[in-house]
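*Asks:* Guided by the hints, dock chain B onto chain A, whose structure is given.
Here is what each chain is made of, one letter per residue.
Number of protein chains: 2
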Amino acid sequence: MEMITSAQNSKVKSANKLKKKRERDKTGLALIEGYHLIEEAYKSNLIIQQLYVVDADRLDDKLKDYAQEVFEINLKVAEVLSGTVTPQGFFAVIEKPEYEITSAKQVLLIDCIQDPGNLGTLIRTADAAGLDLIVLEKGTADPYQDKVLRASQGSVFHLPIVTKDLSEFIENFEGEVYGTALENAVDYHQVSSQDAFALLLGNEGDGVNPKLLEQTTQNLIIPIYGKAESLNVAIAGSIVMYHLKG
Amino acid sequence: MEMITSAQNSKVKSANKLKKKRERDKTGLALIEGYHLIEEAYKSNLIIQQLYVVDADRLDDKLKDYAQEVFEINLKVAEVLSGTVTPQGFFAVIEKPEYEITSAKQVLLIDCIQDPGNLGTLIRTADAAGLDLIVLEKGTADPYQDKVLRASQGSVFHLPIVTKDLSEFIENFEGEVYGTALENAVDYHQVSSQDAFALLLGNEGDGVNPKLLEQTTQNLIIPIYGKAESLNVAIAGSIVMYHLKG
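Chains A and B supply the protein sequences, listed in that same order. For what it's worth, the UniProt record's numbering labels the leading residue of the first sequence as 1, then goes sequentially. For what it's worth, the UniProt record's numbering labels the leading residue of the second sequence as 1, then goes sequentially.
Isolated chain A (complex conformation) (with noise of 0.2 Å):
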């Protein structure tokens, strides 16, 4: 196995450089750290283009056999590739999943969620609740940057995520769509679980669109009945995704 010992490195350099979106953007490419994430890419069946690791040891048979390439590094390199400041010691290059949308019937459509914790929450949210899709507006975080990934779980490769214009989706969908708003909404116990359904959450600061909140069957509200003034984004998510569910 080759050894890289140097930061220098054109590889690891173009590794490093995806950690701005514009670059996997533009490559179709991601960086992902931590062994648990690259067997859950691995187990997705996702394209692993190389892999880095600073104990080989500890890398077992089926990841190293899968990888394109497979490279040791050193705790230098690790360092510099890595976004904690105690690196694990694996990272790899995946090729970003693309998805052809055929027909989703329970879909989370997001409208410009800022902060990675909320969203990889809410990704891994609508992977345990068995969701089939998540739409994103444009300028939503996007759920390759390491700190999706790490709250995610490994959840961002096991559904589709795409980002799309959510007005046009929400006008095509075919089920109930709701809106999650503070003010014109229902108590979110009145609609009852359902098959095919659309849930739309909004910024953290800014709520969702008001145009958007117009398209759907209805908006809803989660009641309030202590002195908080509202509910984190993820939790409302998690809480009305639960509830349709049933």
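Take these hints with a grain of salt, some might be off.
Which copy is meant is left open, because identical chains are indistinguishable; a pair holds if it fits in one copy or across any two.
[What the hints assert, rightly or not] Each computed DSSO-like pair below joins lysine-lysine, with the alpha-carbon atoms no more than 27 Å apart:
#1 Lys62 <-> Lys138
#2 Lys147 <-> Lys19
#3 Lys227 <-> Lys64
#4 Lys138 <-> Lys211
Think of the hints as simulated: they come from the structure by calculation, not from any bench.
*Replies:* Chain B in isolation, oriented as in the chain A frame:
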């Protein structure tokens, strides 16, 4: 208004020490940051011993009159006191409230949650859901740590949060106690909403202490319909809290 321009000022040094849990426990005080959080402390009638502001013009009279002492500080001092990269320029030293728990009907029990974001978000949801009380087992993150305070959005001040032996609390609680577990548990849909309940959540990695799970009325699981291995603990706890509220 007195101006403090040195981080070596004895009051600033004392305030800064409150970033350590040991110091908070010893003094019964906490350092809080940000206008919103300070306003929440004021609205909850907590004692504000000192208020430190960078821009005195942005300070309204009600807070100025309410605080026992008010100091103007410069940006250098603000950077020392701040837990964030871009300090807002508002800090306060408050007296942590003490609670006498007589009767509580709807309670969140937390067994050693470590992540401050998870704890803060759960406190915020428990507040929103109108719960009466939160009981923490020793070893749980401290609610007066800055990241917990931030994630809670001030909800730390809205309901009593105490540290107590959970085993003893469960023994004396008059109402059903529900644990959360991945094994030997029933689907949470099988229990219905109720007036008196305690919900027990566990550590991110290890879950709830098995001994505590033996003391519960019933242990609950949230079904996973997709490929995710589990839900984030703050998400799971919030889904069940709102389910038990009805």
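*Asks:* Have a look at Lys227 and Lys64 and pick one of within, between, both or neither, based on CA distance no larger than 27 Å.
*Replies:* between (53 Å within a copy, 24 Å between copies)
*Asks:* Regarding Lys62 and Lys138, is the shortest C-alpha distance of 27 Å or less found within a copy, between copies, in both, or in neither?
*Replies:* neither (37 Å within a copy, 42 Å between copies)
*Asks:* Between copies, within a copy, both or neither: which fits Lys138 and Lys211 at Cα up to 27 Å?
*Replies:* within (15 Å within a copy, 48 Å between copies)
*Asks:* Is it within a copy, between copies, both, or neither that the alpha carbon of Lys147 lies no farther than 27 Å from that of Lys19?
*Replies:* Intra 11 Å, inter 26 Å, cutoff 27 Å: intra and inter.
The structure does not agree with numbered hint 1 stated previously, though it agrees with all others.
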